[in-house]
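K.L.:
Produce the complete structure using the sequences and hints provided.
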Amino acid sequence: MIHIRIGEEGFDPAALLEPLERLGGGAVASFTGIVRGGGGLVSMRLDHYPAMTERRIAHIVEEARARWPLLGVTVVHRVGDLQPEDRIVFVGTASIHRAAALESCAFLIDWLKSSAPFWKKESFLDGRSQWVEARAEDDAARDRWMKS
Amino acid sequence: MIHIRIGEEGFDPAALLEPLERLGGGAVASFTGIVRGGGGLVSMRLDHYPAMTERRIAHIVEEARARWPLLGVTVVHRVGDLQPEDRIVFVGTASIHRAAALESCAFLIDWLKSSAPFWKKESFLDGRSQWVEARAEDDAARDRWMKS
Amino acid sequence: MATLDILYFAWVREAIGRDGETVEHPGAEATIADLIDSLVPRGPGYAEAFADRSRLRAALDHAFVPLETPLGNAHELALFPPVTGG
Amino acid sequence: MATLDILYFAWVREAIGRDGETVEHPGAEATIADLIDSLVPRGPGYAEAFADRSRLRAALDHAFVPLETPLGNAHELALFPPVTGG
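Chains as they are written, first to last, in our numbering: chain A, 1 to 148; chain B, 1001 to 1148; chain C, 2001 to 2086; chain D, 3001 to 3086.
If you are wondering where the hints come from, they were derived from the structure by calculation, not from laboratory data.
Treat the hints with care, since some could be wrong.
Claimed, not checked - Taking CB as the label site, the calculated pair distances span:
1. 85(A) - 1143(B): 35 to 41 Å
2. 143(A) - 3054(D): 17 to 23 Å
3. 1128(B) - 2020(C): 33 to 39 Å
4. 1143(B) - 65(A): 27 to 33 Å
5. 2018(C) - 1036(B): 30 to 36 Å
6. 2005(C) - 1080(B): 19 to 25 Å
7. 2020(C) - 1003(B): 47 to 53 Å
8. 1036(B) - 54(A): 29 to 35 Å
9. 1039(B) - 2073(C): 30 to 36 Å
10. 2073(C) - 1054(B): 47 to 53 Å
For each residue, glycine too, the CB sits at the ideal point set by N, CA and C.
P.N.:
Structure below.
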């Protein structure tokens, strides 16, 4: 089971976990990313490259399935306007092995952070807004998967 | 936020994830273990050592909090009679760093598998029942955390 | 007289046929293995439960310890197979 | 005449003031960097967007590639800052 969704709508982790739980694997891992408030952040805009995004994510999911014995993978990424506390990304994996579920979940979120064509713009209370700068540690998190 | 629950009641991952999502960390990881059917399994009984279990889990959770910057940890483990498809264990972690959330979640489930006083007895269609044997790979999974 | 509470779990409990019992504390220097030896004559269930020590694990006052550990002042000893949680 | 669709994202799009445009394909051997050079004279927004090439990334027909990559037969070039998803 592969489920990939990019869109402006919110999502419910419970509804995304349930199909993964029903695959009979016994091990389901998930990661949910949420917009963090603080620093006067009032909203965030997520741009993406629609023609490339789903294709790129599908490719990353195939890579994960080649590395780990996975029964199911769900990747959901919101785009558009978001507020603090909004869920922005969800990765869920199901396997018969807990290590496969957990590691592939970490692998996928590292790739999404470093290698999927999304761009965040933050807007602050004082009217300022700025594009988020890429972080070297996200590239490093992705690159650690290349060693093994 | 630390939430540890050992009991015979079922649990709902959605209800367990929500408080972790509200801690403002931005990164929530979870693992859910589910009783696997197959091989004629009809039911499973989980024994535990009540006076030791919660204490032991609380100790493991403190160890995780010492290693990673965690805002919240939830550990739920069912005991008693379980059927295939029943959820048996849940570990959820919240942090401002996704790696901290994911790694501590893996750490906790590895410890629960190898070092918490639970014992599983499986009953099969043909009337047979047997205690599950410990697996060397569970000890290996735990031990890899000692290297770092 | 000092006593020691012993608890049995999983197939150790099933073989012995009871959840636990209270025995006279054999003294601080006696090891868990010594105590197990002294329990064996209590019946065939004990002999069965304790036949293969390599499959036996112990906790002393809620801490996992090797069978060679002296009982010290412990109040509670648990004997059980390797754990299989999660 | 072959054409090349160019797409702009994030602050590249904002500086240039448009989502993209279609240009005459400069030939298979021209690199992305060459094409960027040829776009700069189009206006101050272009010059701003392309001022610091180290902050610029590219995708050619939906694959990330270095700026030194020849355009080949590609139909779609995207120019954007390093990605910041998740």
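K.L.:
Take the C-beta atom of residue 2018(C) and the C-beta atom of residue 1036(B), compute their distance, and say whether it sits inside 30 to 36 Å.
P.N.:
Since the Cβ atoms of residue 2018(C) and residue 1036(B) sit about 32 Å apart, the hinted range of 30 to 36 Å holds.
K.L.:
May I ask you to test the hint 30 to 36 Å on the CB atoms belonging to residue 1039(B) and residue 2073(C)?
P.N.:
violated, 46 Å
K.L.:
The hint says 19 to 25 Å between residue 2005(C) and residue 1080(B); measuring C-beta to C-beta, is that right?
P.N.:
holds, 23 Å
K.L.:
Is it true that the C-beta distance of residue 85(A) to residue 1143(B) lies inside 35 to 41 Å, as the hint says?
P.N.:
For residue 85(A) and residue 1143(B) the Cβ distance comes to about 39 Å; the hint holds.
K.L.:
Is the hinted range of 47 to 53 Å satisfied by the C-beta distance from residue 2020(C) to residue 1003(B)?
P.N.:
Distance hint for residue 2020(C), residue 1003(B) is violated at roughly 30 Å.
K.L.:
Within 33 to 39 Å or not, the Cβ separation of residue 1128(B) and residue 2020(C)?
P.N.:
violated, 27 Å
K.L.:
Is it true that the C-beta distance of residue 1143(B) to residue 65(A) lies inside 27 to 33 Å, as the hint says?
P.N.:
holds, 28 Å
K.L.:
Falls inside 47 to 53 Å, the C-beta gap from residue 2073(C) to residue 1054(B)?
P.N.:
The hint (47 to 53 Å, Cβ to Cβ) is violated, given that residue 2073(C) and residue 1054(B) are roughly 23 Å apart.
K.L.:
At the C-beta level, are residue 143(A) and residue 3054(D) separated by a distance inside 17 to 23 Å?
P.N.:
Check passed, 19 Å falls within 17 to 23 Å.
K.L.:
Hint says 29 to 35 Å; check whether the CB-CB distance for residue 1036(B) and residue 54(A) agrees.
P.N.:
holds, 32 Å
The structure fails to meet hints 3, 7, 9, 10 from the earlier list, while all remaining hints are met.
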